[in-house]
Every structure is written in structure tokens, then in C-alpha cells.
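Asker: So the chains spell out like this:
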Amino acid sequence: MKVALAAAAAGSIALTSACSGGGDDDGMTEDGKIQLTVSLFGTFGYTEAELESAYEAEHENVDVVFEGDGANWDTEVRPALDTALDTGSGAGDVVGVEEQAAVELFSNSAVWTDLSALGHDDKAENYVDWKWDIGHNPDGNLVGFGTDVGGMGMCYRTDLFEEAGLPTDRAEVAAAWADWDGFQDVAQTFVDSGIEASFLDGPTQLQNMILGQTAGAGDGELYVDAEGNLTLDSAATTTAVQTVLDLHEIGAIGPYVSWSEEWIAAQAQGGYAVMPCPGWMTGVIETNSGEENAGKWDMAAAPGVAGNWGGAWLGVPASSPHPEEAAELAAWLTAPEQQVKVFEAVGNFPSSPAAQADPAVADATNPYFSDAPTGQIIGASVQDFPALEYGTLHTPVKGAVEGVLNGLIDGTYSADDVWDAMQSEAENAVELSGGGL
Amino acid sequence: MSTTTTTESAKGSAAGPPQTKSGKSVPPDQRSWRLRLNRADIKGTPYALVAPYFLLFMVFGLFPMAYTMYASLHTWKIGVPGREFVGLQNYSFLLFEYERFGWSIVNTLGMFAMATVPQLICALMVANALNKRLKRQMFWRMLVLAPIVTSVVAVGVIFARIWGQEYGMINGFLELIGLDAVNWQAGRFSSWFAISSMVDWRWMGYNSLIFLAAMQTIPRQLYEAATVDGASQRQQFWSITIPQLKPVIIFTAFISSVGGMMLFVEPMMFDAGRLSGGSDGQFQTTSMVLVDILRTHGNYGVSAAAGWLLFLVIGLVAAVNFLIVNRISGSK
Numbered sequence: 007m008k009v010a011l012a013a014a015a016a017g018s019i020a021l022t023s024a025c026s027g028g029g030d031d032d033g034m035t036e037d038g039k040i041q042l043t044v045s046l047f048g049t050f051g052y053t054e055a056e057l058e059s060a061y062e063a064e065h066e067n068v069d070v071v072f073e074g075d076g077a078n079w080d081t082e083v084r085p086a087l088d089t090a091l092d093t094g095s096g097a098g099d100v101v102g103v104e105e106q107a108a109v110e111l112f113s114n115s116a117v118w119t120d121l122s123a124l125g126h127d128d129k130a131e132n133y134v135d136w137k138w139d140i141g142h143n144p145d146g147n148l149v150g151f152g153t154d155v156g157g158m159g160m161c162y163r164t165d166l167f168e169e170a171g172l173p174t175d176r177a178e179v180a181a182a183w184a185d186w187d188g189f190q191d192v193a194q195t196f197v198d199s200g201i202e203a204s205f206l207d208g209p210t211q212l213q214n215m216i217l218g219q220t221a222g223a224g225d226g227e228l229y230v231d232a233e234g235n236l237t238l239d240s241a242a243t244t245t246a247v248q249t250v251l252d253l254h255e256i257g258a259i260g261p262y263v264s265w266s267e268e269w270i271a272a273q274a275q276g277g278y279a280v281m282p283c284p285g286w287m288t289g290v291i292e293t294n295s296g297e298e299n300a301g302k303w304d305m306a307a308a309p310g311v312a313g314n315w316g317g318a319w320l321g322v323p324a325s326s327p328h329p330e331e332a333a334e335l336a337a338w339l340t341a342p343e344q345q346v347k348v349f350e351a352v353g354n355f356p357s358s359p360a361a362q363a364d365p366a367v368a369d370a371t372n373p374y375f376s377d378a379p380t381g382q383i384i385g386a387s388v389q390d391f392p393a394l395e396y397g398t399l400h401t402p403v404k405g406a407v408e409g410v411l412n413g414l415i416d417g418t419y420s421a422d423d424v425w426d427a428m429q430s431e432a433e434n435a436v437e438l439s440g441g442g443l
Numbered sequence: 016m017s018t019t020t021t022t023e024s025a026k027g028s029a030a031g032p033p034q035t036k037s038g039k040s041v042p043p044d045q046r047s048w049r050l051r052l053n054r055a056d057i058k059g060t061p062y063a064l065v066a067p068y069f070l071l072f073m074v075f076g077l078f079p080m081a082y083t084m085y086a087s088l089h090t091w092k093i094g095v096p097g098r099e100f101v102g103l104q105n106y107s108f109l110l111f112e113y114e115r116f117g118w119s120i121v122n123t124l125g126m127f128a129m130a131t132v133p134q135l136i137c138a139l140m141v142a143n144a145l146n147k148r149l150k151r152q153m154f155w156r157m158l159v160l161a162p163i164v165t166s167v168v169a170v171g172v173i174f175a176r177i178w179g180q181e182y183g184m185i186n187g188f189l190e191l192i193g194l195d196a197v198n199w200q201a202g203r204f205s206s207w208f209a210i211s212s213m214v215d216w217r218w219m220g221y222n223s224l225i226f227l228a229a230m231q232t233i234p235r236q237l238y239e240a241a242t243v244d245g246a247s248q249r250q251q252f253w254s255i256t257i258p259q260l261k262p263v264i265i266f267t268a269f270i271s272s273v274g275g276m277m278l279f280v281e282p283m284m285f286d287a288g289r290l291s292g293g294s295d296g297q298f299q300t301t302s303m304v305l306v307d308i309l310r311t312h313g314n315y316g317v318s319a320a321a322g323w324l325l326f327l328v329i330g331l332v333a334a335v336n337f338l339i340v341n342r343i344s345g346s347k
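These protein sequence lines map, in sequence, to chains A and B.
The working numbering numbers the first residue of the first sequence as 7 and each following residue consecutively.
The working numbering numbers the first residue of the second sequence as 16 and each following residue consecutively.
Derived by calculation from the structure, the hints in this document are not laboratory data.
Hints may contain errors.
[Claimed, not checked] Distance windows between CB atoms, simulated:
1) B:MET84 to A:GLU131: 50 to 60 Å
2) B:GLY117 to A:GLN275: 31 to 41 Å
3) B:MET184 to A:GLY417: 19 to 29 Å
Predicted model only: the values in this text are computed from it and were never measured.
The beta-carbon is built from N, C-alpha and C at its ideal position, and this holds for glycine as well.
Given the sequences, and given the hints that come with them, work out the whole structure.
Answerer: Have a look at this one:
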């Protein structure tokens, strides 16, 4: 009976300790090396470019671990990172932060290591200006090194364009849609040809692209201002949504919700002819469309002014047991040489001017995209791009707006309902995420 | 548990008295000490043996529930310092202002009804079939279990493709026989239907296995007697199998209703991992609202309130369910 009692007690202790394990993590491996965990999402390309072994070869006392390859930022990584930063543990030593959340996450100085205090303030020339600026938070601390930039081109299917009687040469296409009016004319021609494919994939990516372009070229106002007030009447929002409404009216927008199974299938089946293409999107299309569609895709310069979508920063959480080593690793990963390697491996466009000028990037062509000069097209789009400040409520309101636009396409909302629906959904999002409740 | 306790205490009492009867004088204080230890053994052992469960329940069940209650009464957001007591404000927001919440309950109940009733009926039929003498009996039984061991994410991806608008298999068939393609995701009922098919595919086998296990405990004599009396297979099923299965039917109905009310992964995967359940929440379940508020909006307070409201709804559904099932299987 004593045995039974002791066993029961031991059992419950074992269970509770098993669940609370890992509290005494000092960030060292068993053989005494400093372990640096790099927590990422999507495709940073560090694994593909084999940077782990390269760094460990130079730093024998460091063991680098990359985590989170392929994870979804919005639904998986961001919530976990929020919690980890909030509780001060488990965030990793170097973390990737996505563009649209950077301003919001970096604004809390308490949870990030000040990289300038560790002597990294001299690296401004490694990054384009706006990338460097957003890496600084309102308190003036340097909290993040820029990785890649999105850049913007427009991907299109030459086979479908030819069928619709449109030019297929990328210079002619770019000239035809030099501005958004031209884009609508091209769309009209495509629709009038009556071929069985949609002109554009869906409403949300185009909306996102025009939003960034218009805000970047104008007053910088997006959906929400810095105080958390809705600005759905901003020039950027109205232009973006109105363009979607106009294109929808002529039937140019396809029913493919971004990242859905149908959207993926449509890339292989030729379900639509055009989609906005940040540098990293070429890899997505190539994977989804497969070998049999090689050479059918091409890329042309996008309509309107320059634009950007995507890109990330690397920051060092204050909770890292090895901030100095982590900062050094983050700086190294985002240095021009590594950015070139990443571009060569997965196509993420460098944020470093030196890397952008590197022949391996500037002269890069993409064989899958009919040998389009992607380096040149994307590079031109990011040269003078102004920094966009995505406020703290941008992501939730963006979700509300995109939901309504998808609803416009699937028939849930009529064109007349769109603005009202957007307003009420966005108000809910602001109330839940912002100062209300 | 109870058998262990009785044997333990029987041993204890057997080992105790003989020493005192053997004539050797045992000091009274030592004797009473032994006696007390003995009594503590008899009374305490059962509690000690069940303690691990209750300790774990307290740590992982009771405490989170209490803490959720605390959170639901406060404003508490990621990145916003300070928590403020606001009473029932989070609840009233969900109930009276946030339309998606009310709709999510409608969606959850709708999908539950659409999925569970046919699922349990099919499971009964399949279990009845598997209970017959079949060739390769083991193979068939394993086959109905296959969906349970399939990754739910893979199931979601496949079903999203099957029910896709442009490239979906179902719409392909519809067009083949001259009907119009349906945008299954866009409508409330159509999306419920698609998701219910996913739920049924996944859980029918599980329930039929439970039914099968219960059917095999029904005494053969009942059927033999019925056969002698000239009862048909059908009559035997309704008059012997169903009444004998009553407790198990109640159990599966209860488990399915709790599971159905917490439906989450299937509708999420149906919309490419998004939490908004369609463009206007057509198939957003209450669990999805809860997680959406937590993840997209970082709002612990409102999310906790949604959790408690969901708890109440589940309790209500389980109670109604119990009454209905009890009445149906009682009347047979």
C-alpha cells in the first residue's frame, strides 16, 4: 500500500514536471556550444541557401537552428510570437517579423534588444533607406535588420494573352498597362474575347497592391491611422476598392480566393491570366503550375508607380540569453553577400543596394517565366519606394476588407453593399483589436 | 478501482488483529498507532489512488476554467498594458453587437444537425452490417477506421478540392449531367452540406465501432428466441438491437453533440486555414469565432467570454439531446 501511494505520488510529480519542463533553458547545447534559435515563417531561404553550415563554419562555438520554415505568418507564427513576447519566454534568439506587423511589434521597446547598443548602428548602407527606418522604433532603438523586399511585377500567361488577341511581349504588355486605366482596357479586351478563363485571379491581391502604391505615392494613409481611427475614405483605400469594383463590373475578376485550393489549382489549369507578383511569388507560381506549364508564364512591369508587397525583418527578443551573438547572426544573415545567396536559392529580392546591384541579382532572369528579367523588373520597382507605416490595427482591418471583397465576388454582397459592409466589419475589427473592449 | 481497495483493506485488517491476539503484549500506544495507520490506510488509500486524476483536473481543467472566467470579466489584450474589470461587457458585446457570434451559433447548430443525425444512423447501419458473419471481417472493420487515422489537414485539403467551384469533383459531376455548378463556399446551406460530408466521413467509422462493440455484448439467445418466434431481421434490429444499445446510443449522441458544438478544424481547412469561415462567416463556427478573436485580434477578454458562452450552449444542447434520445430509445 505504501508502494501504491508512493507510486501515485511519483506519477503525479512526473506528470506535472513533464508539463512544466524546460524552465532552466540556458541556451547552451550539450557539448557547450551557444545555441541560437532562429524562428522564421514562409520561405526565408536560409535553409535552401545552406547558411546554417556556412555560419557554423565561421563560428565554431555556435549552433544555429532554423525553425518555422513554411509556417503561415498570420495564423501560426504571429499569435505564438505575440504570446512569447508578452510572457518573455520562448520567442527564440532571432525572429523573423513580417512587413505588415513590423511597426506594431517593434513599437514595444521593452521586448526587443537594442541592436545599436550592441554596435550595429553602422550598417545603414546595407539596406535601402525605408527598410532601415522601419527597423528603428519610435524610441529610436534599432530593433530589426531588413531581409528581403517584395518589389512588384505583374505575372501573366502568354498563352491566354495570345488567345485573347493581346500582345504577349513583356515590353508591349508593360506599355499597354502603364497605368491603371490601361490595365482596365487590357482587362476589357481580354473579357470581350470571350475565352474561358478569368483575367485576374481574385480581388484581394490587386487591392493590396494598389493600396500600397497609392499610399506610398500620396499621404501614406491606409485603412487605419496611427490613433486607431478608421480611414476607409483615404485616397489609397478608395482607389484600391473602386478599381476592384470597376474590374468586377466588367467581369474581369476570377473567383479564386488567394491561397485557396482552387487558386492553386487554377495556376496549373490556366484558370486566370494575370496576378500581382512580388519577387517571391515567382517561386509560388512555379511550384503550383508545375513543369508542364514552363514557359507559359511571363512577367512584365506592373501598372502605376513602384510598389512593394512583403519582405521581413529580423529582430532579437530581449528574452534571448545570448543577445550579442544573436545580433551578430541577424546582421550576418541580412548582410549583402547572404542576401545574394538567398536570392539565388529562392528568389527573395534583396533589400541591400549592394546586393541589388550585384550581377547575380540585377541580371537575373527566370527561365520558368520565359526568361523574364525578373531582377531588373523587381529591382526597378523598389528603388525609390517610400516606407509605408502599417499601423497596429492594419492586419485585422485588412482581414475585414478582404472578406467583404471576396464576398463581392462570390455574390454575398452586391456592389452597392460593399462600402457599408466594409465599414461595419472594419468597425468590429477595430473594436476587438483596438482601444474598445 | 473498488476491487483494489477492498483487497487492500482486507489484507490490512487481516494483518492487524492476529498480532494482538497472539498473547504477546503490545504497548497500547504502539497498538493505537498501528490502528490509526490501518484506519488511515483503509480510508485514505482510495483517495490517494484517485488523487492524480483530480490533481491534473484541477491544474488543467478547473484552474483554466476559473482563469477564463476571470479573463472574460476584464479587458485584456495582447500589447495593451493593464487589465480593467468591466463586468459583463464582453458578453454583451458578443450577444448584442457582434453579429458574427450569433450567426456562428446558428452555423454550429446547423452543421451539427446536418452532420450528426445521418452520421449516427449510418454508423448504426454499418455496425449492424459488420456484426453479421462476413468474409474478411477484420479487413472491413479496419476499413471503417481508416478515416480516423487520416490527418485532418489532408482531409480538409482533399475535401476543399472535391467541393471546389471551378475544379471540384462534385461540380464536375453536376455539369456532366447538365446542371449548373454550385459555389459551395458562398452559400450558407451549401457550405454546411460540404463540411458535414467531411465530418461524417471522418467520424462515422468511429461511432460504428462503438456500436459494433456494444452489439457484440447483446446475448445471442435474444436473437435465437426471436428467430424461433418468427421475427424478421428488421424486427429483430428494432426490437432487440436498438433497445439493448440504448446506453451506448446516449453516449455517442452526447459525445457527438459536444464534438459537433466544438467543430473547428474541418470548416477552417475548408477555407484554406482562414478563421473567418467564408466571405461573410457563412460557415464560421463558434470555436472559430473564439480563436479568431484570440488570434487575429489578440483579445483575451472577449475570447474568454465566447468560451463561456460556448460552454453554456454545449451544456444546453447536451441536455436537450439527452432528453430526446432518452425518450426515443425509451419508447421502443
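Asker: Take the hints in turn and mark each one as holding or not.
Answerer: Structure-based check of each hint:
no.: 1; hint: B:MET84 to A:GLU131: 50 to 60 Å; verdict: 55 Å, holds
no.: 2; hint: B:GLY117 to A:GLN275: 31 to 41 Å; verdict: 39 Å, holds
no.: 3; hint: B:MET184 to A:GLY417: 19 to 29 Å; verdict: 22 Å, holds
Violated hints for the displayed structure: none, as all numbered hints are satisfied.
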